[in-house]
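Trainee: Listed below are the residues making up each chain.
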Amino acid sequence: EPEVTQTPSHQVTQMGQEVILRCVPISNHLYFYWYRQILGQKVEFLVSFYNNEISEKSEIFDDQFSVERPDGSNFTLKIRSTKLEDSAMYFCASRPGTGDYSPLHFGNGTRLTVT
Amino acid sequence: KQEVTQIPAALSVPEGENLVLNCSFTDSAIYNLQWFRQDPGKGLTSLLLIQSSQREQTSGRLNASLDKSSGRSTLYIAASQPGDSATYLCDCSNDYKLSFGAGTTVTVRA
Numbered sequence: 765e766p767e768v769t770q771t772p773s774h775q776v777t778q779m780g781q782e783v784i785l786r787c788v789p790i791s792n793h794l795y796f797y798w799y800r801q802i803l804g805q806k807v808e809f810l811v812s813f814y815n816n817e818i819s820e821k822s823e824i825f826d827d828q829f830s831v832e833r834p835d836g837s838n839f840t841l842k843i844r845s846t847k848l849e850d851s852a853m854y855f856c857a858s859r860p861g862t863g864d865y866s867p868l869h870f871g872n873g874t875r876l877t878v879t
Numbered sequence: 212k213q214e215v216t217q218i219p220a221a222l223s224v225p226e227g228e229n230l231v232l233n234c235s236f237t238d239s240a241i242y243n244l245q246w247f248r249q250d251p252g253k254g255l256t257s258l259l260l261i262q263s264s265q266r267e268q269t270s271g272r273l274n275a276s277l278d279k280s281s282g283r284s285t286l287y288i289a290a291s292q293p294g295d296s297a298t299y300l301c302d303c304s305n306d307y308k309l310s311f312g313a314g315t316t317v318t319v320r321a
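Chains Z and H, in that order, are what the protein sequence lines are. Going by this note's numbering, the first residue of the first sequence is number 765, and it counts up by one from there. Going by this note's numbering, the first residue of the second sequence is number 212, and it counts up by one from there.
One should not assume that every hint holds.
As the list claims (entries may be wrong) - Chain H stretches covered by chain Z per the calculated footprint, using a threshold of three residues with CB under 8 Å from any CB of chain Z: (1) 238-245; (2) 253-265; (3) 274-282; (4) 290-304.
Said to hold, decoys possible - Heads up, simulated EDC-like pairs for lysine to aspartate or glutamate below, C-alpha to C-alpha not over 20 Å straight-line: (5) Z:Lys847 / Z:Glu782; (6) Z:Lys842 / Z:Glu817; (7) Z:Lys847 / Z:Asp826; (8) Z:Lys806 / Z:Glu817; (9) H:Lys253 / Z:Asp826; (10) H:Lys308 / Z:Glu817; (11) H:Lys212 / Z:Glu767; (12) H:Lys212 / H:Asp238; (13) Z:Lys821 / Z:Glu832; (14) H:Lys308 / Z:Asp826; (15) H:Lys308 / H:Asp238; (16) H:Lys308 / Z:Glu823; (17) Z:Lys806 / H:Glu267; (18) Z:Lys821 / Z:Asp850; (19) H:Lys212 / Z:Glu832; (20) Z:Lys821 / Z:Glu808; (21) H:Lys308 / H:Asp250; (22) H:Lys253 / Z:Asp850; (23) Z:Lys806 / H:Glu228; (24) Z:Lys821 / H:Asp238; (25) H:Lys308 / Z:Glu832; (26) H:Lys253 / Z:Glu817; (27) H:Lys253 / Z:Glu765; (28) H:Lys212 / Z:Glu849; (29) H:Lys308 / Z:Glu820; (30) Z:Lys842 / Z:Glu823; (31) H:Lys308 / Z:Glu765; (32) Z:Lys821 / Z:Glu849; (33) Z:Lys821 / H:Asp295; (34) H:Lys253 / H:Asp295; (35) H:Lys212 / Z:Glu808; (36) Z:Lys806 / H:Asp238.
Just so you know, these hints were derived from the structure itself, not from any lab. Backbone N, C-alpha and C define an ideal beta-carbon position, used for all residues, glycine too.
Isolated chain H (complex conformation) (with noise of 0.2 Å):
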């Protein structure tokens, strides 16, 4: 069964600070992984995927990475502005269950 922690479970930061939310997992074997973003009593907006191929992805300020062999993934998220809080969830994807990880809950300092 796979099992996915976030650490740290919530963040709080000045505006301009770099962010590093880490995501683990215990099975490799995941087709690929995805981070989303939950805004209080909202849904899940998907942030970026990553193959099960490829080492990282970026969009913008949001550079993720991700290393199968030890089971982990770190979201990194340049020069911080209010509007990056919420809640960051990863998702990794084994055939037709996807498994969640609790989240970090984000506060950017203004």
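Here chain Z stands alone, though its shape is the one from the complex (with noise of 0.2 Å):
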């Protein structure tokens, strides 16, 4: 069964580094999706991308984040200059389309430490 890869499975880095967080989604999909998860907490949303361009970003998503389909199979979450705070586990998902029977695929995630 077809499934989301995230590379890397864990990635340590300084303070005010910039990381690219990369996930190859499931060919057929549309949608694609950033969710992040600090330890403990719950899985909180940051962004949906469609047809090339954000559909939708929470309001933790902000200037130090982008997002990009560089190619027709990847998509990179980049923090341009990382913060202590910024270490979780971050997933990436897809889904084929929006409405009812649209399931989301997560992939296994990028822990994320910034150190």
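Assembly of the complex is requested from the two constituent chains, each provided in isolation within its own frame, with the hints serving as guidance.
Mentor: Right, here's the structure in full:
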């Protein structure tokens, strides 16, 4: 069964550095999402992406964050200048469409540690 | 803004007992509701998706119901097993945004 893949599984970076988290959504899916989960807390929506543009973003997704679909397969999340509080699991997800029957598929996540 | 609440936050039961997990949401204009399982340090695995026009979905020992008018969904797990120990999350889909509850952490004691 096709799946969403994320790389790397774990990234350690120093505060102030830029990081790029990579995701390969399922090939025929049209809607893409990034979520994060700080240790012990709930899964939080960051951004949704459709038709090569951001559809919706949360208040967490400030100017330090950006997303891109540079080619037909990758979907990336960039954090320009990481802060300690950016340490979290970042999950990518995709779905074939919106509407009644459009299940969401998640990747296994990238654990980002900012030191 | 959609608010999703899951009660209880944690649950511990002996093996064989049936589990009842609750999810409530404030905005009934959802496309669907999806239940996920999350194991520690892992991603989210989809268990069941209920379309907005449906009242319930079943898969094996799992049954999920949906009552949009009251803003509630319930996940039933029959005859629980130690392998069912995990955190269970519900997600409500409106337009381009999905809202998760904080989850119910289940421990099934052998």
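Trainee: Please flag the earlier hints that this structure goes against, numbers listed from lowest up.
Mentor: 3, 8, 9, 11, 17, 19, 21, 23, 26, 28, 31 and 33
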